Amino acid sequence: MPSTLTQSAVTRPPDAAAAAIIRTEDLWKIYEMGAEQVAALRGVNLLIARNEYVAIMGPSGSGKSTLMNLIGCLDSPSRGQYWLNGQQVSAMPDDDLAYIRNREIGFVFQTFNLLPRATALHNVELPLIYAGIGTEERAQRALEALRRVDLEPRKNHRPNELSGGQRQRVAIARALVTRPSLILADEPTGNLDSTTSKEIMALFDRLWEEGNTIVLVTHEHDIAEHAHRVIYIRDGQVADDKPTARARQRT
Amino acid sequence: MHFKEAISIALDSLRAHKLRSFLTLLGVIISVCTLVAVIALVQGVNLYVATKIGRLGLNTFSLNQFSLHDMTDRQRFARAVHRNPPLRMADYNYLRHSATIPIAIAASVENNSGTLKAQGQEMDDVSVRGVTPSDLVMESFHVAQGRFIGHFDEQHRTQVAFIGPDVVKHIFPGINPLGRHILVNGSQFRVIGVASKQGNVFGNSLDQFVMMPISTFRKLNGKQASINIGFKAGGSALVQPAMDQVRMLMRARRHLAYTAKANFGLIGSSAVMDLWHSITGAIAAVMVGVSVVFLVVGGIVIMNIMLAAVTERTHEVGIRKAIGARRADILRQFLVESAVLSTTGGVLGILAAWLFTLLAGRYTPIPFSLPWTAVIMALLVSTAVGLFFGIYPAGKAARLDPIVALRSET
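So the protein lines, in turn, are chains A and B.
If you number the first sequence the way the numbering used here does, the last residue is 251 and the count never jumps.
If you number the second sequence the way the numbering used here does, the last residue is 661 and the count never jumps.
Heads up, some of the hints might be wrong.
Said to hold, decoys possible - Cut-off 30 Å, straight-line C-alpha distance, at most; resulting in silico cross-link-like pairs (BS3-like, lysine-lysine):
| no. | chain 1 | residue 1 | chain 2 | residue 2 |
| --- | --- | --- | --- | --- |
| 1 | B | Lys-470 | B | Lys-512 |
| 2 | B | Lys-448 | B | Lys-483 |
| 3 | A | Lys-155 | B | Lys-255 |
| 4 | B | Lys-470 | B | Lys-420 |
| 5 | A | Lys-155 | B | Lys-269 |
| 6 | A | Lys-198 | A | Lys-155 |
Said to hold, decoys possible - A few chain A residues facing chain B, derived, Cβ under 8 Å:
| no. | residue |
| --- | --- |
| 7 | Met-33 |
| 8 | Asn-69 |
| 9 | Ala-131 |
Claimed, not checked - According to the in silico footprint, chain B covers these stretches of chain A (three or more CB under 8 Å from chain B):
| no. | stretch |
| --- | --- |
| 10 | 96-104 |
| 11 | 158-169 |
The set of hints was computed from the structure by calculation and includes no laboratory data.
No experiment lies behind these values; they were computed from the predicted model shown.
In this text, a Cβ means the ideal position worked out from N, Cα and C, and glycines have one as well.
Make the full structure from the sequences, and use the hints.
And the structure:
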């Protein structure tokens, strides 16, 4: 069965996939725990279109993090297909995945994951360095990204000189600077107080309005409510996939 | 692409942990310092010896009973004693008439344990030499006072002495020695001249001698001792032809077969320098070996500190990989860092060696200088050590799984 699936998928991609940023088919992730095999994902099928605003929810142990790692090209599936922005990435070697992460994905993490010794500007420049972009254009684009998150005046501060919200905005600027096709945020407000959380979520809303595709991984319902569609993961499978109240309001 | 970044990261971490970095780099510092200092030392000493020996015998060489090679080993010397007949005045007279290339030929004989007495002073271990008048052109001194030994002195075996400046200093301090009497091994001589100062070679004074006519020497000491015959060629290009001619004449005179080894020694300044270079070369080889051992130890210490750095910065590697760093990027970052680390050690080692040559140059007569080739070589070698011992830690960092690395807490 999987082999015919693979063939049909490669030779005849469905029309809907043409506009899709994320398309997965029967995505499995199996971990070897000694002699035992544990399936974290059991055949996930997803289709996320350009400029969608999606939240992925699920209890801990549901396979939510595993799915996020696969969507973020940090890991490869044990079985199944994954197209990111039209490219088949499920069987790519390490360095090709790094290239895809650099060009296609902007990560925003719960713990910000900024380089502690580097200034805000340098942190934002970092993905452009690995993209091989020259010094001048790099600085220019990094400044522009910082401006978009209203942090240009803080460009020469190091992360420990910035507040939590400011750090997350630097991280968002870093995610934006490569103009990725997908912004993947993993519990982006998990380490922030509620006021700051609101500011950060407002920023995500604005980014969506500007045309970005956003995938939020969260376990907080009020955060997920910012999205237009919530995908529930339970026991390694998509348990539910429905529009949010906000999306219903819009239509 | 981002060498500058990797270098500034490396320098930052050097600055942040000054003592730790110094201790880490100690092995490289010591080894590079040893390497550069030894090369500077050998070069300086070689230059010093070359100028001294060069002065001793500009375009000169000598014919002796034994070669330098015969004297490098006791057994070899024992065999040479049996094989090599002593050189006689007859050999000298033969060569004086037959050797056409050398422009001057002199005979001399030496006894190194002479005792001088005069003016109530005594002096031991003086070199007492019997020479022909032609010896003067072989020497690097000139006549500072009075005159040298002449043909009349040689023919009549007169008891006249030509003395070195050290003898003047010890026996005739503040006195004009010309015309004064001196007892050489109990026989009375009249001082006829004083040599100019030549200085020391390795603490041995070249100025502590008494010269007399070779005929007088042989009258007093007997005729058994082998003589040395000195030659001077008309130019540096003529030294080798002159030596070849003397060798050929001696082999013919002694009826040596074509394949037989020479039973005499021909020593040019080049032979002396060759022997000297083989000695300093051996010392240099040992010291280079020692510094290589230091370098390997230093490299292992750097590898250790880089492994610690990789562990310390696993999270950072995770971040970099997540935003698109490839294996080669991470590998390069850590390789540059360990190369910068060890090159810094190399630079410090060169500075230490430079201080050493400055001090040594000030307190010894040896002309020290920091050889540029050694400096460049030391830099290259220390960088190479950093690169080599950085490969394993950098490879470890490059192979980190981004998910695992991101999860590790700093």
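**OP:** Please flag the earlier hints that this structure goes against, numbers listed from lowest up.
**Re:** The structure conflicts with hints 1, 7 and 11, although it agrees with all the remaining ones.
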